[in-house]
Structure formats: structure tokens, C-alpha cells
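Chemist: So the chains spell out like this:
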Amino acid sequence: MGIIKAIKLTYDYIKRDEEGNPDGVKRAVDHVDIDIEAGEFVAVLGHNGSGKSTLAKHMNALLLPTEGTIFIGEKDTSDEDNLWDVRKTAGMVFQNPDNQIIGTVVEEDVGFGPENIGVPTEEIWKRVDESLKAVGMTAYRYHSPNKLSGGQKQRVAIAGVMAMRPKCIVLDEPTAMLDPNGRKEVLRTVRELNRKEHITVVLITHYMEEVIEADRVFVMDDGRIVMEGTPQEVFGRTQEMKDYRLDVPQVTELSWELKQDGLPLSDGILTIDQFVDEIMELYNGGNGRGDAGAVEAPGMETAQR
Amino acid sequence: MIRDITIGQYYQTESVLHRLDPRTKLMGTLVFIISMFLADTWIGYALSAVYLAAIIRLSHVPVSFIVRGLKAVMILLLISVGFNLFLTNGEHEIISFWIFHITWEGIRQAFFMAIRLIFLIMGSSLMTLTTTPNQLTDGLETGLGWMKKLHVPVHEISMMMSIALRFIPILVDETDKIMKAQMARGADFESGNLIERAKSLVPILVPLFISSFRRATDLAMAMEARCYHGGENRTRMKPLRYENRDRLAYLVMAFYMAAMIALRSLL
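Going down the list, the protein sequences come from chains A and B.
Number 48 in the numbering used here belongs to position 48 of the first sequence; there are no gaps in the numbering.
In short: position in the second sequence from 1, add 305, done, that's the numbering used here.
Honestly, the hints are just simulated from the structure, not real lab data.
Mixed in with the good hints, there may be bad ones.
[As the list claims (entries may be wrong)] As a list, the in silico EDC-like pairs of lysine to aspartate or glutamate whose alpha-carbon atoms are at most 20 Å apart:
(1) A/K259 with A/D277
(2) B/K482 with A/D277
(3) A/K75 with B/E529
As the structure is a computational prediction, the values presented were derived from the model and not from experiment.
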């Protein structure tokens, strides 16, 4: 069994009318089966209201399943006795950086988690030092969180989770409120944690560019997991992605359009380098055949669009 | 405007007073306040003046900075001086008209009252100037730990205080943003009488409240996700520990208090 395993996980929100009486049920997560191995970098992709955040909250026992089960580190989250173990195994980073920082000084905020789980004082200091170093925020340890940029605040939040020594970090749209630089900063940090510290990462997002480096991508739509695979496999099914109202990275889209117009490119090109390589190969090979002009023309036209 | 008030502010510098345990400083402030109500002679006030001056010297906080804090209570000070000056009855009358009498006793009384208030404000602002809000709540939590036996939720109260302190600047910024957004759509906060102005604050307060509630829900979830479950079995990153300097400070306090009591009962 992987570190996170969900079996037929289902969650219903009870809708209420203005007087607070139950008024229908909205199924946010619908019979989801996932199995995430320790050390993996997994991304969950979906547009607004696809149930991806609800799924994320199950991984931290903030929500408990209506039906089905979810195991975190082989512990069933719906068992009250497992609550703290589950939260120690899977840390969680939220969307709004301001609303998850408790401390008035950076280092105190990082120490908040270990304080809660009863870590002895010297050990807390050790963990705070290590976590701040892991996210590259040591220089800001005495600063007030209010004076940091969005990306820095989010790195502090990640350090706060790291200080609890989790096996897994669940990030619920951590970059949604950040500018492009902040987004890069946070993603770089997350990737490094995954590679160097072998932390399992579950990244919930709706930005395509952020999932390219994931080991595996789940695409959610209307509470169900509708696609699963490596980023290349998932983005290779461009038409399907579009049907789920999701974009694919620009270069993937371009190569897909070119392919529609008859260029023999491979499926799911994710990087510009890869795209350039394939085009160059076609160009060089095509010259020899002599009919390159005929193939190239529609391609160029599409590229200019 | 909110940022101009110096009472309750922290002054960042390096001094013995800054390094003292917050519990010691809380106790010291309490002792000083009590001593000010014990003083009723020139010698008594002189002693507390020397004591206060010595502490200010130790704190490395510029005197001008502390004096600036007095401006906020100037009106209160003038009113109480006025009452004491004009309405004290005594034998040695100097001027008298209608119900107002200025007597030697009145002048003495007013002068002492002014000194007492000024010393009280300087003494207590000295504590906040040398103690970070966080240390202060820590000090209160540990210092009042015995109240847990009386089922007073000491930990919860101090946690609430420190979260409030953390969110004050965020909410100030937010108020600013909402105000600008409403002004951009033609809201007017500056003209009209008091009631009209108060009414115009409604479109600021409603969104501010809603967003604070949302923040509170988010924060509660984030705290839960980080295993927060109240004060039980919680360890501390920065536990409070009395050092030699704290013991010395308590000794100084005890001497000062003894001297003030002696002065009051002997003279």
C-alpha cells in the first residue's frame, strides 16, 4: 500500500437554504481511487469546483469521507485515534499565505507545529534551523511575516510543515495568490524537497506549467478522476483535456495543432527544447525527401496564429 | 493614524531591560504602580523619580521617545490637574471667585497628581517599549499559569492575544484597501456631520467583518492541520527561565518597595 491510498472515496456537501435547512446534496468527490507511493511527486489538476481541494482536505483528515476510506501512512483517517498520526504524516499548505501563518516572527511560526506535537525545546530549535535552511529562508528568521513577499510567506508555511517531519506534503493551490516570480520560487522549493529530502508531494493546482515536472498527474472533473498518467501521457490527450475545460502548456498546444494539420510530431511535447528538436529533425529529414515545403506550409501558418 | 501612537509600541534596541524575563517586567510595573499610590511626600516622589530615571537610563530607550507617548494623555492630565487645582479646599487660600478656590493645598495636590500620572504612564510604557507583544503574552501565560487551577483558560486567552496582534497590521491594510475601493466608486468618508460620517463607515465594516470571518476559518483550519489542540501536552520553543539578572531585579524591586513603605509610615 502506498503512503496515500483512497478506496471509493466519496464526499457529499450538504447544501442549505437561507434558514439553514438541508436543501439537497452536492457530491464533491465521487468514488475516487488513488494510490500514491512514498517519494512520488503527484499533481492533481482540475478547474474550479472539480473537487480537488476537497480531496486534498481528506489527506489531512480536515474532512472525513462520507463513503469509502482513505489511508494515510496505512492509517484510516476516519478513526479518531489516528487523527494526530495522520496530520503528522501528511502536512498541509494552503492557498492564502497570510491566513496560515500564526507566529509574529518567522522562526516562531516554524516552531508552532513542533510545539503542538510536544517536541522537546532543543529538538524544536534543531528542526526550525533545518526547515528554514531547507526552504532557503534562514536569512529571514527574525523578520515579521508581514514584511515578506507572497512567495517568501509560502516558503515559511512550507518550512512550518517541514518542521513537523512529515512524510508527505499536500499543497492546496499554494501558488494561486502569488505573482509569477513567487510561483517559481515556491515550486522550486517544493521540487527540491521532493528530490533532496524524498518527501512525497501532492500538488493541487490549476496551472498547467506546474505539473510538467510531476511524476504522475491526476485530472479531476466533477468529483471524479478522469485521467491519470505521466504529464506526457495526460497532455498528449490534448482534445480530452480541452473537453474538461483545461488548458495544456502553450508548446504542447502548438505541437498538437501542427499535428492536426498533418505534421508527424509525437504526442505530448512538454518543453520548447523537445519541440525544437522534433521540428529540426523533421526539417532536416524533410529536405532530403523534397516535399518538405508542402508539409511545412500549413505548419507555419498555424504557428503564426 | 493608528501607527502614530507610541503607547504599547516596542522599541528595538539592546539593553538589560530588554533581556529581562517578561514576568519580571510585569511584576516590576505592578510594583511601580502600587508605589506611586503610596507616595505622598516630596521625598517619596523624589525617590520614585530617581528610581524611574535609573530604569529609563538602563533601558537605552531615548527619553524623547517616552515623552512623546505622554502627548496622547495630555488632555486627561490637564483635566485632572484642573480639578485638583480649583476644587481642593484648604486653609491657605490665594485666589477665590465663585466656586473656584486656589489654595496652597490645591497647588500641592495638583502638582503631585500630575507627577503621579506622568510617572505611571512613563513607567508602564517603559514595559511595552522593552517587551515584544509576543513575550508579553508569553509572560502573561506563564505568570498567570496558577489561574488554570481556577479554570481560567489562560493558554487560550494568550493565544487569542497573540493571534490578534499578528492580524492587526493585516486588517489595517485590508481596511485601507476596502476604503480605497469604495472611494474609487464615489464613497465619501470626509464630509458631513458625525452621524453621516459614522453611517459612511458601514460599507467598510461589512466587507471587513466578512473577510475577517473568512480569515478566521482559514486560520483555524491551518492551525488544526498543524496539530494544534489547545495547551495540553504542548512544549515551548522559547520557554521562560529566570536568570540571575531577574533575581537581581526582584531584589531591587523589593528594596524600592520597602523604602516607599518606610517613607509613608515614618513621615
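Chemist: Hints first: check each against the structure and report whether it holds.
Modeler: Verification of the supplied hints:
no.	hint	result
1	A/K259 with A/D277	15 Å, holds
2	B/K482 with A/D277	49 Å, violated
3	A/K75 with B/E529	18 Å, holds
In the structure shown, a violation is registered for the earlier hint numbered 2 alone.
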